[in-house]
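Residue-level listing of the chains:
Number of protein chains: 4
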Amino acid sequence: MVSNIRRAAIITKMDSSEASAAASKVARLLGESKVKVYSVLPLEVTGAAPVSQEKLKDTELDLVFAIGGDGTTLRAFRTIPSKVPLFSINSGGHRGILSEIGADSIEQAVHAILGGKYFYDSRTRIQATINGKVLPPALNDILITRVSLTRTPLVSIKLMGDEIKQRMDGIVVSTPTGSTGHSFSIGGPVLHEGMSCLILSPIASVNRMPQLVIPVEDIVVQSTYESHIIIDGQETFRVDADKPIKIFRFPDDATFLRLQKKGMRQLAKLGFSKFEF
Amino acid sequence: MVSNIRRAAIITKMDSSEASAAASKVARLLGESKVKVYSVLPLEVTGAAPVSQEKLKDTELDLVFAIGGDGTTLRAFRTIPSKVPLFSINSGGHRGILSEIGADSIEQAVHAILGGKYFYDSRTRIQATINGKVLPPALNDILITRVSLTRTPLVSIKLMGDEIKQRMDGIVVSTPTGSTGHSFSIGGPVLHEGMSCLILSPIASVNRMPQLVIPVEDIVVQSTYESHIIIDGQETFRVDADKPIKIFRFPDDATFLRLQKKGMRQLAKLGFSKFEF
Amino acid sequence: MVSNIRRAAIITKMDSSEASAAASKVARLLGESKVKVYSVLPLEVTGAAPVSQEKLKDTELDLVFAIGGDGTTLRAFRTIPSKVPLFSINSGGHRGILSEIGADSIEQAVHAILGGKYFYDSRTRIQATINGKVLPPALNDILITRVSLTRTPLVSIKLMGDEIKQRMDGIVVSTPTGSTGHSFSIGGPVLHEGMSCLILSPIASVNRMPQLVIPVEDIVVQSTYESHIIIDGQETFRVDADKPIKIFRFPDDATFLRLQKKGMRQLAKLGFSKFEF
Amino acid sequence: MVSNIRRAAIITKMDSSEASAAASKVARLLGESKVKVYSVLPLEVTGAAPVSQEKLKDTELDLVFAIGGDGTTLRAFRTIPSKVPLFSINSGGHRGILSEIGADSIEQAVHAILGGKYFYDSRTRIQATINGKVLPPALNDILITRVSLTRTPLVSIKLMGDEIKQRMDGIVVSTPTGSTGHSFSIGGPVLHEGMSCLILSPIASVNRMPQLVIPVEDIVVQSTYESHIIIDGQETFRVDADKPIKIFRFPDDATFLRLQKKGMRQLAKLGFSKFEF
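Residue numbers (the numbering used here), protein chains in the order written: chain A, 1 to 277; chain B, 1 to 277; chain C, 1 to 277; chain D, 1 to 277.
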């Protein structure tokens, strides 16, 4: 198989010299193989044409390299054209649960990619609208939580023609990819990243409402008090009390370029693949 | 729509006079509409032809009425021909999370059924084999747990080309239908019953391995000590140390005949549909 | 035994006509027995001398009646002189887990109290200081949580000469009384209300740090980002990044006047005393 | 301070050459300082007088060295005279959460002990009786679980004059020392090991009854089906349906000889003292 990667962009974690050094290496290796390389500003790298985040959406690209932690990958997916695949390199970040390789394997990885030895891994994304206002898509999760910390709202969740009403501080709606993120931190299961479903995880539910795994269907969440909405832990919005928050599947999946099939990558990244004692 | 229910069998909870009374009512109503009715022994009811559990598998049937608690419904699904639909009536049981109606709605329900006002609701089932020996199918769950209570086995779980090894007392492999059963009792999420996936719930994992929601793919579980295997909480088997237990989808789904679509029936049955305070 | 209740005050839930009606009844019954009665403003009741919240701290009192939900009782304990006992009546509130009786038992309860048929139930309280600034005491809990919802702080917890550092959104430090509150909602155990200990419950800990039950010793919590501090879910404060928050036992316990010993009142109030199915 | 350790015994993990080698080293070091040394059979070590487990209870001792994993320490505490202190060395075991040192620090540790640089650390133990039959004391936990795996008993828990009845597979009654054991594996909090209290952890409670932390008071557990009782995960007994199992404090605490105060040793041993990412 021959690669059809002709144009690639590189996005890095802000203010990370580690990530910048990795970006230089990627740019050099791609340049040697005549791939047109862009660096997403503020990143500037020898051999790469700088491009602003705004212009990136209109740039023709075959692949994006996201270099940093999971935060960098999540941000990149909201920045790049929505059908372009992404290759995630963990460098200077924490766990790197979304990443395919660490910075020490860049050379082999770029050769594998240019040699066509890769596959695509599609992930469900979700999106919310409030009063017709469309929020950015989320690869991991949409967190809805109370603004006032002295009141516990009654939260209504409508789905599949039914309604649940419970007192809770808020709720996280996560994709399988996001099941290892905030939903996991509040006690949730891991959903295999290849699945197409969602998990609703109540936050501090007074009656300990259980988590709920559902098909990817439209959901409407309403809170009796003003709420924050946080997209992938990175962008925040506000919504008034009693306003319906509609959540539905984002039409374009996020596409990872991957080198190795790993059935249980998520558990391995969380430290559960081998027994420790 | 006209019903094509011409031959029906009735199975009841053992030693429940409540369930027997409900069975009589069902038999009478069906008989009045010229439906051929069988009572599964030891149940005997006026107007119904008694049939043994062994012969039931070879009886041509359009519907089975299971009257009792969830245990009765689970047992019925292992007793009836595997493609025949079942209508579950809660009578004399506990929560009746699988049931469609209580005994007080029998009359309306039978009329609705004979009037063709129903739909079918298909549920994933699973099955295990040990050394080629095939165990009965499970609608809810397959529980694998240590025989010796003074040793904590190392349990290996192979799926999707990968392997996890952790110390734990055992593991529950549940369908979405079973997610409100044992898996729920040990802290698991509720999986919408209409989904096609499985949940693996470790029992007393030393490292607190999280629960895992996966596609319905083949799984192999192996324990370093002798194990019990329990099918739907009702039938038990033993497997030697280190013997692989293969778990896979049972070819025939379980089919419920239902009257009302309920998006969140499961949460409602668990008491979470409305807020309580 | 003869009661020595000579001077009592009544505090009610704001804007609750139910609570006001109950207050009138209490005032009348106390007045008939020559008890001097104060109503805490804005409450005004026939036969009671109105007193402002500010003056209440300097008023000599033998007992305070708090009428409303748990919020009313928590607020009352921060308002009344710190050694005065409190009798809690559930009226117009939610669960009333702290209350001794409902509004329908006022008459018998006041007679029991005036007849000396009661006992005192002491509860540990905690208090925080930040940079020498003393926050109000908490009967239930002190919640420390991140201000920015797009950053996960590293939280340091120092206690008993040791330090734990973990990434989490925040932490709840709860008394046994508060163990049925926020700590319970995020999955915590119930601590018997008569104990003298604390529970630390991490909020959305990235590594799922377990909850920790400890003796009532001094704790210092520090977060790498700015935090909110919420006292009993009612009063909020802010603390800068990296500032130590000292938490220690409040010198005066909260004292409930109670009529009936109930070993497991808390579980009963949460609905777990009897089996349901 | 001068040590008063004149007579010591050594108990090791069975069939562990690692533990035997460590025992030889301990025996040699103690012998050099004129301490009388016993080896508990089947262990035989140069310079130590062999003693059977039966005779050990009647041997005058100032200290016991338990060398192996936590299992060895737990077993040792049921074998040695109940007031004699124990020093736990982790060798060839798993986590060694109860141990003070690893085998690589034996030399410094024995010098510290003989130099009197140690302190005693007392731990609550519990004991059960069934129909007057007294079971061995537990340092970690008493686990009560159903014999039949196809029936879910109704379990009654009586304490402090009250009763809880819930359907569950069983219950674990743990000391603070045992809170990192089975109770932790099923989701429980960590109780600081220096506390005097108990935690009741329901196993697979149908209604998800929460865990309960209580003072060290008498408890009576009764199950509607036959139960296994397991002491410290090592000794098993059976009890008939409906027979009361009385659990109460064992009169003699377990005493550890320790070298270093560690406020949060337990969390450190579970891997939570430092942040990892």
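Please keep in mind that the hints were generated in silico from the structure rather than gathered at the bench.
The model shown is predicted, which means the values in this text are computed figures rather than measured ones.
Mixed in with the good hints, there may be bad ones.
Any copy will do: because identical chains look the same in the list, a pair fits if it lies in one copy or spans two.
As the list claims (entries may be wrong) - The calculated lysine to aspartate or glutamate pairs, modelled on EDC-like cross-linking and capped at a C-alpha distance of 16 Å, are:
1) K25 with E107
2) K117 with D162
3) K269 with D162
Enumerated hints in conflict with the structure, sorted upward: Those not satisfied come down to hint 2.
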